[in-house]
Each structure stands twice: as structure tokens, then as C-alpha cells.
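Engineer: As a plain string of letters, each chain reads:
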Amino acid sequence: MTTTAPVASPILETRKLNAWFGDMHAVKDIELSVAPNTVMALIGPSGCGKSTFIRCINRLHEEIPGARVQGEIILGGENIYARGMDPVVVRRKIGMVFQKPNPFPALSIFDNVAAGLRLAGVRKRSVLEETVENSLRQAALWGEVKDKLKAQGTSLSGGQQQRLCIARALAVSPPILLMDEPTSALDPISTARIEELVVELKKDVTVVMVTHNMQQAARISDRTAFFLLGDMVECDETSKIFTNPQDKRTEQYITGRFG
Amino acid sequence: MNPVLRLRSSGDPLAIRDFRRRWVNLLMVTVLFTAALVAIVPLFNIFLYVLRQGLPAMGWDFLTQLPKPVGEAGGGMANALAGTAVLVVLAAAAGVPIGVGTGIYLSEYGRGKFPATLRFAVDLMTSIPSIIVGLFVYVVLVVPMKSFSAYAGGAALAIIMIPTVARTTEELLKLVPNHIREAGLALGIPRWKVTLRIVLRGSLGGIMTGIMLAVARTAGETAPLLLTSLNNRFWANSLSEPISSLPVQIYSYSISPFEEWHQQAWAAALLLVGFVFVLNLLTRLVLRRQPAGRD
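Those protein sequence lines, which keep their order, are chains A and B. 1 is the number of the first residue of the first sequence in our numbering; add one for each residue after it. 1001 is the number of the first residue of the second sequence in our numbering; add one for each residue after it.
In isolation and in its complexed conformation, chain A is listed as follows (with noise of 0.2 Å):
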């Protein structure tokens, strides 16, 4: 039932993954894989699975008290759900953005992008220094920041906070970017600076999106796939969801029928 139209040499494939919380069972055999440098849009309505399925991913899920996953994961042809694969170090190849912008409290706007590599054992400096601007740079925040880098990070407003948090997940050089809902507790205005902020990371990262604006998977996204009650129903280019879905449930997602 899941149409996928695959992709030739992914970065990140998933197979017949499932995930648990207890005995609700909340992703149900999905394969989706994602080529790298792009955007894949996870849509869907509430309780669908996808914020579930992006924190498989980074194995944050199974965090969870009761919570359990099946399947694999395969990211750079390694399978990270692998017995012995340790999730601290699955983690730091895949960063991610969380629905609510949220800084360390008690840590400067500086230290907050460090924690990443310091935690790791980082102590020199200049590569400190290096990294932070370059990341806050990337995350387009470097100018309204530099000269205040030491102000506590939770001083900032809600968007520069969120793109402090996208700088803290960047400074550790992940491959991979999940985004949770990244701007559903922001502004237009600071949306639009994030989102114009992802078509630009995608020059260095791999970006999986989970968003319930319709609008913005097709804003900004290559690949959208479309979730319910725990299933993919269908995963293609983003401008073939949105203008031509093979299913009618999708159909009937994007036209606003449900969800």
C-alpha cells in the first residue's frame, strides 16, 4: 500500500521500521529513504507517527519509558539499530530541532553552541571560538548576536533562540538535520527567516522535516511524504504531492478535507 518511488544512493533509508509506546504501536513498517542535500517534508495530521518516526532516527525514541523500536535504520550503508551500535555516538552524526526553541538555561549564547563539542571533549580555544562563529554564521544569527555572545542564550526571542538551537545542533557537523516541527512556536516573520534558512543549509546537511504546514513542505521541501494513523501511504516529489498524490487520502489531506 506505501507508494515510494525510490531514490538511487540514499543517505539515510529506513526498512520495515516500527516504533511503540508501550503497546500503541505508532510507526508501522515504514521505508522512506532520503538522497542526500535535500529536504524531506514528513506532513500528516496529529498523532500520525511522524514526530515518532523522526525520533527513531536520532534513537531519542526509545527514551521513552516503555518505548521500543523495530527495524533498520541505515545511515552511510550502517545500520544504527545494530546490536552494539552505541546512540551517543548515532546522535552526533544526526542533529535535531525540537518543536519548542530550547536552550540550556544558565548558558550563554556562546557556551550553547559549544555544549556540543565541549561535552565531546573539546577544550581548545580557538577551535571553540572557530566553530561557534561558523555555526551561528550558518544558522544566520552571527550578526545579531556577536557582540553579545556571552548574554544568556534564553535572553534571546523565540525565533533567535530557534535559530541558536539550529546553530547548537550545526556545530557538531552532523550529516543529517531533523527539524520537529521547527516553527510551529514562531512568528511569520521569524518562519520565513528559518525556512529560507533550510533551502540554505542544504548545501551542507541532509534535512528531514517534520511540519504540519501544508504550505511550508511545499515552500521548501523536495521530498514530502504524507503520514496517517502510523503509516506512509505515500512518499514522492514534493511538487507531485501537492499536485498530483497517486492516493486518495492524500488527496484529501492536502485539499483539507481532514486532519
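FYI, nobody ran anything at the bench for these hints, they're computed from the structure. Hints are not guaranteed to be accurate.
[What the hints assert, rightly or not] With a cut-off of at most 27 Å between alpha-carbon atoms, the simulated BS3-like pairs for lysine-lysine come out as follows:
1. B/K1174 to A/K124
2. A/K100 to A/K124
3. A/K240 to A/K202
4. A/K202 to A/K100
5. B/K1113 to A/K93
6. B/K1174 to B/K1193
7. A/K93 to A/K28
8. B/K1193 to A/K100
9. A/K16 to A/K28
10. B/K1113 to B/K1193
11. A/K202 to A/K248
12. A/K100 to A/K150
13. A/K203 to A/K100
14. A/K100 to B/K1174
15. B/K1193 to A/K150
[Said to hold, decoys possible] Far from chain B, by Cβ distances over 10 Å, these chain A residues were calculated:
16. E31
17. P105
18. L197
[What the hints assert, rightly or not] Covered by chain A, according to a simulated footprint, are these stretches of chain B (three or more residues, beta-carbon under 8 Å):
19. 1185-1192
20. 1198-1209
21. 1239-1251
Cβ atoms here follow ideal geometry from the backbone N, Cα and C, with glycine treated the same way.
With chain A fixed as given, assemble chain B onto it according to the hints.
Structural biologist: Frame of chain A, contents of chain B only:
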């Protein structure tokens, strides 16, 4: 006519009810205000009384000299002052790490039966009468060591300190939203580092406050010290000897028949109240300097 105007006309049942409501409201607010006033009156009374009674004997000598024998004028409580400091430092050295550790465990790893039992036990510990703590330490430390000692006193105070510190730490760490922990984990930081360097770090100000309040509280404990550190008319030469402390000194001087000693007990009381007061004040200041918005 305007219906609002009609509501205010006399004879209208609604207007009468409105009038009664205002009076009941006024009465209740007065009752509550009086209760609040009565609650704080003793505090001011104690403060003023201790100040008046304690000030005459207070002075440089009182802070720097050893107690004089009965009948000799002057003398001070330098040893008790230092003793209280030593006991509090000993108690904090043992109690703070154990308390903070317990708090971290309960908040970050506290799921399931054992942590729930532990949490209940910690709550029970808060309500154990402090004399019982003294008795316990007397049995397990004083008797085997064959001597009252600063160690025993510190241990008793630590036991009193631990539950407060543990629960404060737990409550403050629970205030840190879970998505902060997830953000740390998602960066590829191991869980223990997320706990110590991000979650704990973010609530350090509040935890310090809790610790300072616990220290202030234990500094005034008397009962557990009577059975553990006892008292000492002189400087303690080592931590395994009985040591003097302000609360015990206040106790033994105030039940003595000598007027000069009563005077000195009041001065010691003033010192103790002053210490607790200053510590509380410092805590508020630290709290106010906390950056706003932890979310």
C-alpha cells in the same frame, strides 16, 4: 429604564444580596489579614526581645574570648562560635553531596518501586524529631568511639540536612523541562553529562539556595548536639573531642542559676538569630540575581 440602575434601587433583592456580599468580603479579608499579622508578630517579638536582652553582653570580647569560670566577669563564646562553624562545615561536607546525589537520583533516574519508596523514606526523614537523630548517632558513633565528638555532632546535623537538600534538589531538577534533556541527548552527549553539565548546571542557583536554607536551619539545632558533640568549656583540640556550639551553650547557660551567664546566653541567641537571618538574606539576594526565564 437602564437595568443597571434598577439593580441599585432599594428594595431590589439583588441589591440587598450585593450589599451583604460586600460586607462578608470585607469581614473575611479582615480575618485573613489578622491571621497573617498574628503569624508574624512572634517573629518580630523574638527579634526585638533577643536584640534588647542580648546587646548588653555583646561585644568584641564576647566574640573572641573563652568562657570565664563562674563568678569572674567577662569572657565570651569564641569556642562556641567556632564550634558551630566547624559542626556546620562537617555536616555540609557530608550532607550536601549525599543530599544532592539523592535528589539527582530521584529526579533523573527515579522511576519504579524503589525510588518511590526512597522518596517516601526521605519525606519521613524530614519529620523525624531531631532528638531521635541525636539518640541514633549517640548509639552508632558516640558509644563505639567512647567519646562525644565533633564528628558525631556533624553526623547528626548531616542527617537532619540530607532530606531537605535531597527534596529541594529533586524538585528543582524536575522543573527543568524534559525537552532540555532531549536537546542534550540529541547532541550526542551521554546522559550523565547531560544531567551534570546541563540539567544540574541550569538549576544551580536554586539548589544553592536550598542548601543555604538547610545550613541555616541546622546551625540552630540543639537537641541532636546534646547527645553527640556535647559541650566544651575550652577549644576542642581535635574533631574527636567534644566541641562547644552556640545552641548548646545557650541551653546550658540559660538553665544555670547565674545572672552573667543568662546575659551571655542572650548574646549567643542574638548571634545565632543574626547568623540565620543573614544567611536567609544572602539566599534571597542570590535568588534575585538568578537570570529570569528558565524555559
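Engineer: Now, for every hint given, state plainly whether the structure supports it.
Structural biologist: Taking the hints in turn, this is what the structure says about them:
{"no.": "1", "hint": "B/K1174 to A/K124", "in the structure": "violated, 33 Å"}
{"no.": "2", "hint": "A/K100 to A/K124", "in the structure": "violated, 31 Å"}
{"no.": "3", "hint": "A/K240 to A/K202", "in the structure": "holds, 21 Å"}
{"no.": "4", "hint": "A/K202 to A/K100", "in the structure": "holds, 22 Å"}
{"no.": "5", "hint": "B/K1113 to A/K93", "in the structure": "violated, 36 Å"}
{"no.": "6", "hint": "B/K1174 to B/K1193", "in the structure": "holds, 17 Å"}
{"no.": "7", "hint": "A/K93 to A/K28", "in the structure": "holds, 25 Å"}
{"no.": "8", "hint": "B/K1193 to A/K100", "in the structure": "holds, 22 Å"}
{"no.": "9", "hint": "A/K16 to A/K28", "in the structure": "holds, 8 Å"}
{"no.": "10", "hint": "B/K1113 to B/K1193", "in the structure": "holds, 25 Å"}
{"no.": "11", "hint": "A/K202 to A/K248", "in the structure": "violated, 31 Å"}
{"no.": "12", "hint": "A/K100 to A/K150", "in the structure": "holds, 22 Å"}
{"no.": "13", "hint": "A/K203 to A/K100", "in the structure": "holds, 25 Å"}
{"no.": "14", "hint": "A/K100 to B/K1174", "in the structure": "holds, 18 Å"}
{"no.": "15", "hint": "B/K1193 to A/K150", "in the structure": "holds, 22 Å"}
{"no.": "16", "hint": "E31", "in the structure": "holds, 24 Å"}
{"no.": "17", "hint": "P105", "in the structure": "violated, 4 Å"}
{"no.": "18", "hint": "L197", "in the structure": "holds, 18 Å"}
{"no.": "19", "hint": "1185-1192", "in the structure": "holds (count 6)"}
{"no.": "20", "hint": "1198-1209", "in the structure": "holds (count 6)"}
{"no.": "21", "hint": "1239-1251", "in the structure": "violated (count 0)"}
Checked against the numbered hints given earlier, this structure breaks hints 1, 2, 5, 11, 17 and 21; the rest are met.
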